[in-house]
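Undergrad: Residue-level listing of the chains:
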Amino acid sequence: MAAYILRRVWQMVPTLLGVVLLVFILFHFFGADPSVILAGQNATQAQIAAIRQELGLDQPLYVQFWIYLKSIVTFDWGRSWATNEAVSNLFATRLPATLTVMVPILVLDTLLALPIAMWVAYHRGTLADRTIMVITTVALSISFLVYIIVGQYVFAFQLGWFPVQGWSDSVWRNLVTYVPLPVMLAVMVGLAPQTRLYRTFFLDELGHDYVRTARAKGMTENTVLFKHVLRNAAIPILTNIGLALPGIFVGSFLIEVFFSIPGIGREVLLAVNRSDYPVIQAVTVYLAVLTMVINLLTDVMYKIVDPRVVLK
Amino acid sequence: MSAVLPAPIAPTAAERAEGVWHAAWRRFRADRVGVASLAVVLVFFVLIAASALGLVAKSWQDEVGVANAPPTFVGPAPAEATGAIEVPKGPNVDLSDIDPLAPRYKEWDERAAKLKTTAAAKRETLPLGGDRFGRDVLSKAVKGTQISVFVGVLAAIVATTIGTLLGAFGGFFGGKVGDFLEWLYNVFESIPGILLIFAFAAVLGRGIGTVVIILGLTGWTGMYRQVRAEFIKHSTREYVRAAEAIGASPLSRMFRHILPNISHVMLVRLGLLVVGFIKAEVILSYLGLGVPVDAVSWGTMLAEAQAELILGHWWQLATATVFMAVFVTAFSLMADAARDALDPKLRGLE
Numbered sequence: 001m002a003a004y005i006l007r008r009v010w011q012m013v014p015t016l017l018g019v020v021l022l023v024f025i026l027f028h029f030f031g032a033d034p035s036v037i038l039a040g041q042n043a044t045q046a047q048i049a050a051i052r053q054e055l056g057l058d059q060p061l062y063v064q065f066w067i068y069l070k071s072i073v074t075f076d077w078g079r080s081w082a083t084n085e086a087v088s089n090l091f092a093t094r095l096p097a098t099l100t101v102m103v104p105i106l107v108l109d110t111l112l113a114l115p116i117a118m119w120v121a122y123h124r125g126t127l128a129d130r131t132i133m134v135i136t137t138v139a140l141s142i143s144f145l146v147y148i149i150v151g152q153y154v155f156a157f158q159l160g161w162f163p164v165q166g167w168s169d170s171v172w173r174n175l176v177t178y179v180p181l182p183v184m185l186a187v188m189v190g191l192a193p194q195t196r197l198y199r200t201f202f203l204d205e206l207g208h209d210y211v212r213t214a215r216a217k218g219m220t221e222n223t224v225l226f227k228h229v230l231r232n233a234a235i236p237i238l239t240n241i242g243l244a245l246p247g248i249f250v251g252s253f254l255i256e257v258f259f260s261i262p263g264i265g266r267e268v269l270l271a272v273n274r275s276d277y278p279v280i281q282a283v284t285v286y287l288a289v290l291t292m293v294i295n296l297l298t299d300v301m302y303k304i305v306d307p308r309v310v311l312k
Numbered sequence: 313m314s315a316v317l318p319a320p321i322a323p324t325a326a327e328r329a330e331g332v333w334h335a336a337w338r339r340f341r342a343d344r345v346g347v348a349s350l351a352v353v354l355v356f357f358v359l360i361a362a363s364a365l366g367l368v369a370k371s372w373q374d375e376v377g378v379a380n381a382p383p384t385f386v387g388p389a390p391a392e393a394t395g396a397i398e399v400p401k402g403p404n405v406d407l408s409d410i411d412p413l414a415p416r417y418k419e420w421d422e423r424a425a426k427l428k429t430t431a432a433a434k435r436e437t438l439p440l441g442g443d444r445f446g447r448d449v450l451s452k453a454v455k456g457t458q459i460s461v462f463v464g465v466l467a468a469i470v471a472t473t474i475g476t477l478l479g480a481f482g483g484f485f486g487g488k489v490g491d492f493l494e495w496l497y498n499v500f501e502s503i504p505g506i507l508l509i510f511a512f513a514a515v516l517g518r519g520i521g522t523v524v525i526i527l528g529l530t531g532w533t534g535m536y537r538q539v540r541a542e543f544i545k546h547s548t549r550e551y552v553r554a555a556e557a558i559g560a561s562p563l564s565r566m567f568r569h570i571l572p573n574i575s576h577v578m579l580v581r582l583g584l585l586v587v588g589f590i591k592a593e594v595i596l597s598y599l600g601l602g603v604p605v606d607a608v609s610w611g612t613m614l615a616e617a618q619a620e621l622i623l624g625h626w627w628q629l630a631t632a633t634v635f636m637a638v639f640v641t642a643f644s645l646m647a648d649a650a651r652d653a654l655d656p657k658l659r660g661l662e
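Protein chains in written order, with our numbering: chain S, 1 to 312; chain C, 313 to 662.
Extracted from the complex, chain S is given alone in its bound form (with noise of 0.2 Å):
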């Protein structure tokens, strides 16, 4: 197990590499110049030359390719051009917000889908499965903008069950106030797809010989769909789970541009708008690492659901 952890994290070196090449390709050739987004809109030719030196632009490209992924290597990401605020700072101040949506809205997600999914799949061809396969159609087909501006509009704005926007410093108060209805509104939209994926896990699983045999063998229905099915069909919504989860540390853009949270989607947002390439390329680059660990991971915790399961 350990040689194999050792091995996957080797293998992340190059992976990595190639983000952070991406990441220095894209910004470098087809951005606009730093110098010239940092001097402002009166710069005159010597503050710009002065910022291309101060920023290393003047050196040679394997320069500036080295001094960037010593930068990354030692986790100085650098400050954003728009506050001067430290890229690290931003992190560690907007990460915690974003989890607070993220992770009640993944949960909910996962707990609501799982079971209306199976349920679907034991009654599949039947009249409720069809109608539920026609809800998510249809709810899947109309934009998640939608569901929030309508959302806000209707339960905020009009009935005024909850706040409109806002947020606070302390957890309780925001997951009490603040959280439920973006995390509502999330798990609407989510649900349909999660659902209909699910399903077809489930159904996959409900055709095996396996399914036959546990009820030839007098099992009631409850053992043969929750102590055998589901454990089977645990694989492929493990993977599910795990390819959401480095979302959570993105967080909705929509979300919390729409409800005022200071996470980090919004952060990343602005950079966009305002051409703050350090933000990007640190979110850019530490999601990716992110990513990678957390599908290493996933393929521990195969082993974890299913013994079968070699890890080579």
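I should point out that these hints are in silico values taken from the structure, not numbers from a laboratory. Just to be clear, a hint being listed does not mean it is correct.
Unchecked claim - Chain S residues, not near chain C, derived (Cβ > 10 Å throughout):
| no. | residue |
| --- | --- |
| 1 | R8 |
| 2 | W10 |
| 3 | P14 |
| 4 | Q41 |
| 5 | L127 |
| 6 | W161 |
| 7 | D169 |
| 8 | L175 |
| 9 | T223 |
What the hints assert, rightly or not - One-sided excerpt, in silico: chain C residues whose CB lies under 8 Å from chain S:
| no. | residue |
| --- | --- |
| 10 | V355 |
| 11 | L359 |
| 12 | A511 |
| 13 | Y598 |
| 14 | M636 |
| 15 | V640 |
| 16 | S644 |
To be verified - Output of the computed footprint for chain S on chain C, the stretches with three or more beta carbons under 8 Å from beta carbons of chain S:
| no. | region |
| --- | --- |
| 17 | 425-431 |
| 18 | 435-448 |
| 19 | 487-498 |
| 20 | 621-629 |
Ideal placement from N, C-alpha and C gives every residue a C-beta, glycine not left out.
Starting from the known structure of chain S, arrange chain C on it as the hints suggest.
TA: Only chain C this time, still in chain S's reference frame:
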């Protein structure tokens, strides 16, 4: 040897094995939901073609109605009490002896009378209402459909082209080329999609063409994976080895022999991409990273609708939502039906 072989009998139409596309079309026609959704999608494409040719919704930017004109079936908006200061009654004070402009008033009136002004009659109601400039929401929705679907389809084609080319080379050649492409795939996969889109948007700027490029450059990975798997599977099949034996070049084997045999897989994936990209365009345009303000798409309509809704003007939101929901639902159902028809093994799974 050849002398004893009977002359090959040309197969008649009835004897010929049914082609995969014929069989798929036969199965597709039997699927009522699929046929109905195909019809809806075709209607949309006719509308888009008409809009692109300038037959309908050409003048969507004209301010034909009053600001926020309600839909016709709702009726004109009640006149609001303006709460203005009362106009004083009684004669105005004669200021002509101290007003320095007084001698010229007559001249100005005469000159003004020479010019003809026409006050454009603004309509009180529009079929599906108007936006805050009084532009017709129906025309906007039609034009927006054209832009949104255009972006979705074109971006899907870009992503499919990239994914297919890379997948074909990676799957067919393997080895060093395959390793390199797998590395590239891993790099793109390890950055969450929306973040990758943002990074590209930050450097490439705004505009319809840019959105297409961004979505295409970031969305090819799924197609690559699938095409690569199919190419690995097919490259050792007998028909490909037979082609090699008669001297077909690698490129010819890849794109003349294998590609047609996996085109149904690509078509299904293309359908999924179109739906995904249309939704992505809406969100990008809302966030100000997509379609520019001088164009209209479902995303820019929804972005405007947020402010209108608070004032009670719900029609633009409703129109954009319905147009999008109908198109995306029909397109998804059509793609599902096409997948079932092309790959009967998967029928009913999802």
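Undergrad: Please verify that the nearest CB of chain C lies beyond 10 Å from S:L127's CB.
TA: 15 Å, holds
Undergrad: Verify this for me: three or more residues of the region 487-498 of chain C with a beta carbon less than 8 Å from a beta carbon of chain S.
TA: With 3 residues in contact (Cβ-Cβ under 8 Å with chain S), the coverage given for the region 487-498 of chain C holds.
Undergrad: Identify whether the interface hint at C:S644 stands, where standing means a beta carbon of chain S within less than 8 Å of its own.
TA: 6 Å, holds
Undergrad: Against chain C, does S:W10 keep a CB gap of more than 10 Å to every residue?
TA: 14 Å, holds
Undergrad: With d taken as the least Cβ-Cβ distance between S:Q41 and chain C, does d exceed 10 Å?
TA: Its Cβ never comes within 10 Å of chain C, the nearest being 18 Å, so this holds.
Undergrad: In terms of beta carbon proximity below 8 Å, does the region 435-448 of chain C have 3 or more residues touching chain S?
TA: Not satisfied, violated; 0 residues make the cut.
Undergrad: Taking 8 Å as the C-beta cutoff, is the stated coverage of the region 621-629 of chain C by chain S satisfied by three or more residues?
TA: Answer holds; 3 residues pass the 8 Å Cβ test.
Undergrad: Would S:L175 pass as off the interface with chain C, using Cβ distances and a cut of 10 Å?
TA: Consistent with the label, S:L175 stays out of reach of chain C, its closest Cβ about 25 Å off (over 10 Å).
Undergrad: Double-check C:V355 for me: the hint is only fine if its C-beta lies closer than 8 Å to a C-beta in chain S.
TA: 16 Å, violated
Undergrad: Grab the minimum beta-carbon distance between S:T223 and chain C and tell me whether it stays above 10 Å.
TA: The assertion about S:T223 holds, with a minimum of 25 Å to chain C.
Undergrad: Closer than 8 Å between Cβ atoms is the bar; does C:M636 clear it against chain S? Give me holds or violated.
TA: 6 Å, holds
Undergrad: Compute the least Cβ-Cβ separation between S:W161 and chain C, then decide whether it is above 10 Å.
TA: Label holds. Min Cβ-Cβ 17 Å, cutoff 10 Å.
Taken one by one, the earlier hints fail for this structure at numbers 3, 10, 11, 17, 18, listed in ascending order.
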